[in-house]
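Protein chains: 2
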Amino acid sequence: MPDMTPDEFRKYGHRVVDWIADYGDRVGELPVRSQLAPGDVRGALPAHPPEHGESFDAVLADLDRVVLPGVTHWQHPSYFAYFPANASGPAILGDLLSSGLGVQGMLWATSPACTELEMVVVDWLAELLALPADFTHAGTGGGTIEDSASSASLVALLAARHRASGGEVERSGATGRQTVYVSSETHSSLEKAVRVAGIGADNMRVVGVDENLAMDAAVLDRAIVADVAAGAVPAMVCATVGTTATGAVDPVRAIGEVCRRHGVWLHVDAAYAGVAAVCPEFRELNDGVADYADSYVTDPHKWLLTNFDCSVFWVRDRGPLVGALSVLPEYLRNAATESGAVVDYRDWQIPLGRRFRALKLWSVLRWYGAAGLREHIRSDVESARRFAELVAADDRFETVAPPRLGLVCLRPRWERIAGVDAAAADELTARLLVELNDSGALYLSHAKVRGRTALRFCVGAPATRWRHVEAAWERIRAGVAELADS
Amino acid sequence: MPDMTPDEFRKYGHRVVDWIADYGDRVGELPVRSQLAPGDVRGALPAHPPEHGESFDAVLADLDRVVLPGVTHWQHPSYFAYFPANASGPAILGDLLSSGLGVQGMLWATSPACTELEMVVVDWLAELLALPADFTHAGTGGGTIEDSASSASLVALLAARHRASGGEVERSGATGRQTVYVSSETHSSLEKAVRVAGIGADNMRVVGVDENLAMDAAVLDRAIVADVAAGAVPAMVCATVGTTATGAVDPVRAIGEVCRRHGVWLHVDAAYAGVAAVCPEFRELNDGVADYADSYVTDPHKWLLTNFDCSVFWVRDRGPLVGALSVLPEYLRNAATESGAVVDYRDWQIPLGRRFRALKLWSVLRWYGAAGLREHIRSDVESARRFAELVAADDRFETVAPPRLGLVCLRPRWERIAGVDAAAADELTARLLVELNDSGALYLSHAKVRGRTALRFCVGAPATRWRHVEAAWERIRAGVAELADS
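These protein sequences, in sequence, are chains P and G.
Under the working numbering, the first residue of the first sequence carries the number 1, and numbering increases by one thereafter.
Under the working numbering, the first residue of the second sequence carries the number 487, and numbering increases by one thereafter.
Note that these hints are calculated values from the structure, not bench results.
Treat the hints with care, since some could be wrong.
Claimed, not checked - Listed next, the stretches of chain G that the computed footprint assigns to chain P, with coverage defined by at least 3 CB atoms under 8 angstroms from CB atoms of chain P:
| id | stretch |
| --- | --- |
| 1 | 554-565 |
| 2 | 650-664 |
| 3 | 679-687 |
| 4 | 801-808 |
| 5 | 866-879 |
As the list claims (entries may be wrong) - Reference listing, derived: stretches of chain P covered by chain G, where coverage requires no fewer than 3 residues with Cβ under 8 angstroms from a Cβ of chain G:
| id | stretch |
| --- | --- |
| 6 | 215-224 |
| 7 | 276-285 |
| 8 | 316-328 |
| 9 | 366-377 |
Said to hold, decoys possible - Sample of chain G residues lacking proximity to chain P, with all beta carbon distances greater than 10 angstroms (derived):
| id | residue |
| --- | --- |
| 10 | R528 |
| 11 | A573 |
| 12 | P576 |
| 13 | D620 |
| 14 | R747 |
| 15 | R769 |
| 16 | R841 |
| 17 | L851 |
| 18 | E901 |
| 19 | A910 |
| 20 | E913 |
| 21 | A933 |
| 22 | W959 |
Just so it is clear, CB atoms sit at the ideal spot from N, CA and C, and this is done for glycine as well.
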């Protein structure tokens with residue numbers, strides 16, 4: 001069997017490491033967004049798999065020839081779209097160790113270190129973010145690494161559904177009576193979770209937001225009261241700390257009081273913004289979490305230097321979570337599980353199997369230390385603040401929501417610049433976005449904010465420095481001037 | 487900010503590559519199953535995260551000191567437990583490239599190559615396994631890489647649920663009327679999926695098996711007829727090609743005929759065995775798949791040399807899958823999606839985000855080629871066949887199910903050896919398992935087969951050669967002799 005020998009692995013491994021180091025050096029010179037059209041990458045690859053093995057050199061050659069032109073570079077210093085997907089040297093190497101060990105940590109017994117290191121690092125992260133001690137493994141709760149905040153919010157919903165029904169849902173199925181509460185700004189993964197869990201989108205109440213685009217707790221309260229009066233069973237409220245469109249923060253404390261009054265599970269989706277709490281000055285974002293949240297998720301793979309996938313999810317009480325997800329067939333029984341002395345993370349997630357993802361988070365937390373993580377967050381927030389100042393100082397632009405952390409939502413004031421109406425202005429903003437992204441010089445995304453099209457500018461790629469933000473601002477200004485002239 | 491410089495990344499990257507190469511060389515000398523007790527790893531780590539960054543040398547030192555003793559070595563040549571979790575040089579390097587690029591392929595637009603390379607390699611794999619052309623992206627279907635067969639079976643169920651209800655379930659919620667059909671040998675992930683999807687375990691029919699532990703299609707037919715008569719809506723049947731306990735193969739063709747007659751979605755779970763179809767002589771396992779299966783999953787991360795996670799899932803018609811899982815908020819809208827010319831894999835899975843997992847499968851398929859993959863599978867099957875011969879030749883042992891591919895289920899005939907009854911015999915088998923695994927010399931798992939405790943011996947780790955299988959057999963014999971003496 002033509003296995004890669006240890007010597008070949010060393011040779012090609014060093015070459016791949018060097019390729020990545022070089023990529024980090026030159027990514028800033030590549031177009032941020034791939035310039036290829038649908039089908040270009042597929043068309044450049046053979047239609048059939050090889051009958052005989054090829055050299056790894058051939059893979060590396062095609063990586064440069066075929067793959068790289070089809071890559072949109074999330075690590076580019078001028079990447080400002082969506083939210084960031086941070087990679088970093090220590091995370092890449094931690095993940096490499098995970099691949100090299102090749103262990104599968106479905107049970108404590110199938111690799112104790114895979115489970116226990118994860119327990120340690122999620123406890124560490126809870127401490128770094130000043131999350132409540134109830135969320136650590138020392139108590140009745142605990143954290144785990146999920147692949148994404150989408151999956152974390154789904155398992156939160158499953159735990160909430162379990163608690164609200166006393167486990168009846170897993171036995172008899174959903175009843176169409178449970179209800180879930182989000183705001184109009186909540187991430188789409190919550191609707192996806194509600195659909196997946198068989199609750200149904202019609203049983204998801206979309207609570208209105210206030211002038212800050214934050215959920216109105218009084219409206220939430222009235223919705224729950226009305227539902228209960230009509231015979232519904234409110235199962236979960238999702239509050240968001242840092243919404244996708246604008247970074248808005250729901251009033252977790254006020255929402256939590258409503259949840260407690262009605263006995264409803266409070267899940268907090270802080271996928272993007274949560275990691276900012278490594279800095280004491282941003283912890284006010286989490287006001288109310290310690291007192292009221294039943295579950296909480298934030299993504300080190302967005303903005304905390306840890307390669308995707310690394311979404312950390314905590315619960316205050318692991319009982320309903322394990323109750324919702326544990327199915328124990330004979331072939332997985334083992335003495336450690338039966339002793340009750342261990343955590344089996346298969347019961348905290350949808351998949352059975354799992355990689356040793358804790359290694360990359362461990363590696364990141366140790367390489368940067370708390371001080372380094374704070375510096376990373378502060379640098380991006382400061383860049384975003386200065387960017388928002390530039391926007392505010394130019395009367396051809398406006399920010400459409402208060403800048404939050406690394407995220408600024410803005411729009412050109414086409415009504416003033418070009419004398420057009422709102423619909424035409426939104427079309428011009430959309431066209432501007434296409435032209436900016438087509439240029440390859442920077443990459444932005446967009447949102448609808450109070451019905452109007454806005455540019456989302458999010459500072460967060462590890463390579464981004466102030467000069468890249470400044471250059472992006474000049475590009476945006478120039479793009480507006482060109483469009484205005486035409 | 488103390489980012490790892492390119493030079494530091496090269497230095498430590500080379501060191502990690504060398505560590506992994508050395509690990510591959512020495513893993514055979516380590517105890518297969520970790521010898522640590524619950525809490526040992528946690529107890530050896532600091533209770534608090536570091537305030538200041540540390541050198542990567544410190545991480546590597548703790549890797550050897552703390553982590554490695556807590557690892558159960560899935561890549562050990564004497565690993566025979568559960569199913570294998572294959573790692574290989576080209577897969578590790580493909581995954582490393584994925585980490586280094588750090589792209590997030592939720593949409594085609596967010597990295598076209600991430601989507602298109604995946605479309606190509608899952609089409610390649612379909613061809614290598616002789617799966618129907620309907621499963622490729624050339625037609626109405628297509629494949630994708632999920633994190634696990636558990637997740638793949640869940641999304642299959644969501645697609646089936648969608649089709650059976652005309653999308654009504656996503657809107658109004660599960661009704662408690664849909665039913666799902668498995669056998670008593672089906673993997674526990676199906677019950678988990680049924681619970682997650684709000685269908686409820688009570689609506690999962692456990693169809694009996696025949697003398698080969700394969701689902702009885704006639705019993706299935708009667709169950710569906712009875713359910714329909716009672717007003718239920720059969721949504722999905724899961725047939726298994728290679729069950730977890732014994733590798734039994736459900737009669738997909740006969741089951742498919744039943745499904746077609748009743749208009750029920752047929753999902754085929756071939757998580758372990760499916761990859762064996764790279765060899766023409768094992769393709770009979772999939773008889774009926776081409777004609778009847780609506781969806782199919784097999785795991786290159788089990789037995790096809792591709793590091794976890796890499797579970798490949800195909801559907802014949804992507805419509806119901808995307809219908810079940812697509813929620814399109816404003817901030818994800820883009821021209822490519824709206825053109826209908828691209829695949830957005832976020833709609834094929836639970837999570838929104840996704841890594842560039844295609845790189846590792848691409849790397850494996852090219853490095854080994856079809857010929858190399860066949861050699862890998864054949865070598866393990868041949869070892870298992872010879873092992874089963876040794877078992878059959880020793881009248882103190884029996885195989886409790888027909889050996890299948892790399893999997894042999896056996897038990898000592900304690901009734902004959904020690905003159906004990908069935909219950910005592912099962913206890914002795916369980917004790918034998920504990921003693922063998924405690925020795926660190928090999929690692930097996932167990933199953934209940936027709937109510938009796940059996941040892942599961944699965945040949946599949948890439949490092950395993952015949953000499954390791956032979957040594958394991960000597961250990962098992964010696965273990966029985968020692969237990970019989972005591």
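Against the structure, the hints:
Counting residues of the stretch 554-565 of chain G whose beta carbon lies closer than 8 angstroms to any beta carbon of chain P gives 8, which meets the minimum of three for the stated coverage. Judged by the Cβ-Cβ criterion of 8 angstroms, the stretch 650-664 of chain G is covered by chain P as claimed, because 9 of its residues qualify and three suffice. For a cut-off of 8 angstroms, the count of residues in the stretch 679-687 of chain G with a CB near a CB of chain P stands at 7, and the three-residue condition holds. For the stretch 801-808 of chain G, the stated coverage by chain P is not satisfied: 0 residues place a CB nearer than 8 angstroms to a CB of that chain, which falls below the threshold of 3.
A count of 0 residues in the stretch 866-879 of chain G with a Cβ less than 8 angstroms from any Cβ of chain P is obtained; the coverage claim is therefore unmet, three being the minimum. With 0 residues having a beta carbon nearer than 8 angstroms to a beta carbon of chain G, the stretch 215-224 of chain P misses the requirement of three or more and the stated coverage is violated. Counting residues of the stretch 276-285 of chain P whose beta-carbon sits less than 8 angstroms from any beta-carbon of chain G gives 0, not enough to reach three: the coverage restraint is violated. Counting residues of the stretch 316-328 of chain P whose C-beta lies closer than 8 angstroms to any C-beta of chain G gives 4; at least three are required, and the coverage claim holds.
Here's how the stretch 366-377 of chain P fares: 9 of its residues keep a CB closer than 8 angstroms to some CB of chain G, so the rule of at least three is met and the hint holds. Against the 10 angstroms criterion, G/R528 falls within the reach of chain P, whose nearest CB is about 5 angstroms from its own CB. Distance check for G/A573 against chain P: the nearest CB is about 3 angstroms away, which does not clear 10 angstroms, and the non-interface claim fails. The claim that G/P576 lies off the interface is violated: its Cβ sits roughly 6 angstroms from the closest Cβ of chain P, which falls inside the 10 angstroms cut-off.
With a least beta-carbon separation of about 17 angstroms from chain P, G/D620 lies farther than 10 angstroms from that chain, consistent with its non-interface assignment. No beta-carbon of chain P is positioned within 10 angstroms of the beta-carbon of G/R747; the least distance is around 25 angstroms. The beta carbon of G/R769 sits about 16 angstroms from the closest Cβ of chain P, which is more than 10 angstroms, so the claim that it is off the interface holds. With a least beta-carbon separation of about 5 angstroms from chain P, G/R841 fails to lie farther than 10 angstroms from that chain, contradicting its non-interface assignment.
Against chain P, the non-interface label of G/L851 is violated: not every CB pair exceeds 10 angstroms, the least being about 5 angstroms. Chain P leaves G/E901 outside its interface by the beta-carbon criterion, the shortest separation being 21 angstroms against a cut-off of 10 angstroms. Residue-level check passed: G/A910 sits 19 angstroms from the nearest beta carbon of chain P, beyond 10 angstroms. The claim that G/E913 is not at the interface with chain P holds, since no C-beta of that chain comes within 10 angstroms of its own (minimum 14 angstroms).
A beta-carbon of chain P is positioned within 10 angstroms of the beta-carbon of G/A933; the least distance is around 5 angstroms. For G/W959, the requirement that its beta carbon stay farther than 10 angstroms from each beta carbon of chain P is met, with the minimum near 21 angstroms.
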